[in-house]
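J.: Below, each chain spelled out in residue letters.
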Amino acid sequence: MTAQSLVVATAPLDLAGSGQPLKDRAFRWMLFAALTVGVVTLAVLIAYVTIKGWPRLNSTLWTNMPSIRRPERAGAQSAITGTLWVISFTAIFALPTGILAALYLEEFARPNSRFQRLVEINIQNLAAVPSIVYGILGLAVFARALALGQSVITAALTLSLLILPIIIISTREALRAVPRNIRDGSLALGATEWQTASRQTLPAAIPGIATGVILSLSRAVGEAAPLLLLGAVTFITFNPTGPLSGYTTLPIQIFNWTKDSREEFQILASATIVLLLVLLLVMNFVAIWIRNRTQKRW
Amino acid sequence: MPEQSIEMQLSSALTDGRSQGISDEISNVVFTLDDLRVFYGDYQAIRGVSLTIAKNEITAFIGPSGCGKSTLLRSFNRMNDLIPGARVEGLLAYHGTDVYGPDVDPIEVRRRIGMVFQKPNVFPKSIYDNVAYGPRVNHIKGNMDDLVEECLTKAALWDEVKDDLKKSAYALSGGQQQRLVIARCIAVRPEVILMDEPCASLDPIATSKIEELMRQLAVEYTIVIVTHNMQQAARVSDRTAFFTAELDEAGVRHGRLIEYGPTRQIFSAPQDKRTEDYISGRFG
Amino acid sequence: MSRPQIAVSAAGGLGSLQQTRSRVGEKLIRAVLVAAAAVSILTTFGIVISVVVPTIEFFSEVSVTDFLFGTVWTPLFADGQFGVLPLVTGTLVITAIAVVVALPLGLGAAVYLSEYASDRSRRVLKPTLELLAGIPTVVFGFFALEFVTQMLLVRIFPDIDIFNALSAGLVMGVMIIPTIASLSEDAMAAVPSGLRDGSYALGSTKRQTAMKVVIPAALSGIVAAFVLGISRAIGETMIVTIAAGLEPNLSLNPLQGMQTMTSYIAAAGSGDLSTGSIEYKSIFAVGFLLFVMTFLMNMVSIRLVRRYRQAYQ
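Protein chains in written order, with full-length UniProt numbering: chain A, 1 to 298; chain B, 1 to 284; chain C, 1 to 313.
Treat the hints loosely; a few may be bogus.
Unchecked claim - Reference listing, derived: stretches of chain A covered by chain C, where coverage requires no fewer than 3 residues with Cβ under 8 Å from a Cβ of chain C:
1. 35-45
2. 58-66
3. 86-92
4. 118-131
5. 276-287
These are calculated hints, taken from the structure and not from any lab test.
All residues carry an ideal CB built from backbone N, CA and C; glycine is no exception.
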């Protein structure tokens, strides 16, 4: 009798549930929609510039120079070479400085020393300073005070300061990923701190550093705002001839064409945007490829 | 039953072991520790330790985890300097020179006093470059090929790797890697080798090879080994120091030295109840 | 066990542990490394000095109150007026639009990535979303003007200006989604899973757990993400320069064109102004205001991140 009443008592208890309540499903869909808005916008943007720029996506884009009067024959050659010049010098300035600074902070500085903390908070802050403010710095210091004028070198110095925090932060992460016991092994053999850093830690961290460096350089490639203050907007129809030469870059050339309301220039701007995005995409793929190829050896 | 078997194993290990002719007195002293204390910030990890370590002997530090034996070992070659906040008080003398003295260069200390770690930390380089690394950073002149061969031979690894010297050290097995680390260590011609649980990550066969190697190396080097494995201590060491962790009056745990003497004596006739409990498996 | 005999020699003999090589190079290298690390501090100094000095000169010609509370900004006129309020309101209107777009979308994406997405889909979705952060801002500006304004907004609001705050704000909002999503997700990932388990054990659904447990627990990190996102929006230059026009306009109507602090700096700075002129100095005065605003927000954000890291370590 008792057994029977037990059976009766448990019967209404239904653990199968009634499926996810509607509210929960709606919530999940809203979140997913939030995520997709950004991705869809990106897809629309890429489709739009590709379709619009299609008629001009041919070799004249990189063989011809910009022209105000003949948009149908204008190209972006000076902007392409200018970008290459500026980025090369940016890399020359920013790479050694950034990597050595990261080495110091990660391998040499006493943890939590005042200098280390000061540099650290300073770098975090610099990473979030608006890029136009770096343009003001470049204008006042490099272009005017140091009289480097509106040159490739001024642009490169300014951009290298802009990406320095990114290089330092990513290099430190790569160094931190090298196991402690590699350093211990080296130091226990009587190697100095610098020998350990230069012969063990740094080589082991190179793939991670390379990834961070490429990504930060791609940031510099796409940067336009500081260069507006540094003379890149001048109408340039020649390739740079040296570090003190005048220059323009792809983003600046796009900006100049965008300002001109003639439809031919809008098409040209779209085509150049495609070129710029392809360049950035290639850089990103290389960075990701390096990271994946060398992931986790220990 | 299990207690008895532990004791039996230990006694057979002792018979195989090398501590038969070891006397209480140490004539040829390499290290002298007097009231040595190690701190991490405000925390005292080890209470005053006083002992001497003899030349060309194998000295084992045993004891439960957290008793500070590895911490103590790392203060011998100033590896604790690398840990922020770590600090050593008291005396640790190497051939009569205070290792923590003002004129002492920690890099010179580490060159004389080599170290082998718990996990075989080979460098991400070739086998050859692993061995050659120490001599290169210490600017040791001479024929590097000969030196590499000599060290790999001494570490009982030469025959296994002589055709693969350019291969990555990561291709070796764990036991081989640990022998490579030993070869790398002796390539800078140290006098002392510190071993921090060198077999902790190895299988029994690889372990017995390392133990065999330790005995051979003791002819030339002074070895201090930290181990969790009491039978290993009984098999390979001449002298044994037993450490444990105890609460002080304020309820803080500190590591401290309980008993130190010839291995035979520590295992067969321990003076202290705590040592006896530990080696007979009654600990904790 | 007798205490050992101790006779410690200063140095020399078998136990000599003195330095055997001078290692001057080592010290030199250390100095080079310190110098490299100091470059970042010099950069900050450089920014502060290069902005502050001309700003002080600027304020010797224009009073601080006229600058901060003046409502007319006509620096290039012969009798120029330097009331920065039109630029500030332009900046704030566009930032507000961007924030209205980016906060819900960024937070929603973060909650989805952190609480709902499987590991596999997160590995695809997160980098895809972050691609947005890699698009150059000049491209977003072009997109805002050519597509958002001319193909969408003119159809919805027939009397909208070609250069308007709305399209710049909308596109900027999309641009800062990854900033907000990524930092918020970091903060949510740092919430100990024990808190979630506790909520599930009480019979809460995923939604209730996300809304009532995870978001409150990660709040300081999420606020940090918001603050940083706002700081990004205030400092963004190219989108507003291209899409929002260059007319100072003291108005809250997003359908009109507006100039922001950044687009004023870009426009005035790209002209060939002579170094001593008041127009040239006005760039720095506006830059100073911009730097102070973003600096304060960045510091708040860094503090908040530090707080949640400490809480869950």
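J.: Are there hints from earlier that the structure breaks, and if so, what are their numbers?
T.: As far as the earlier hints go, 2, 3 are violated by this structure, in ascending order.
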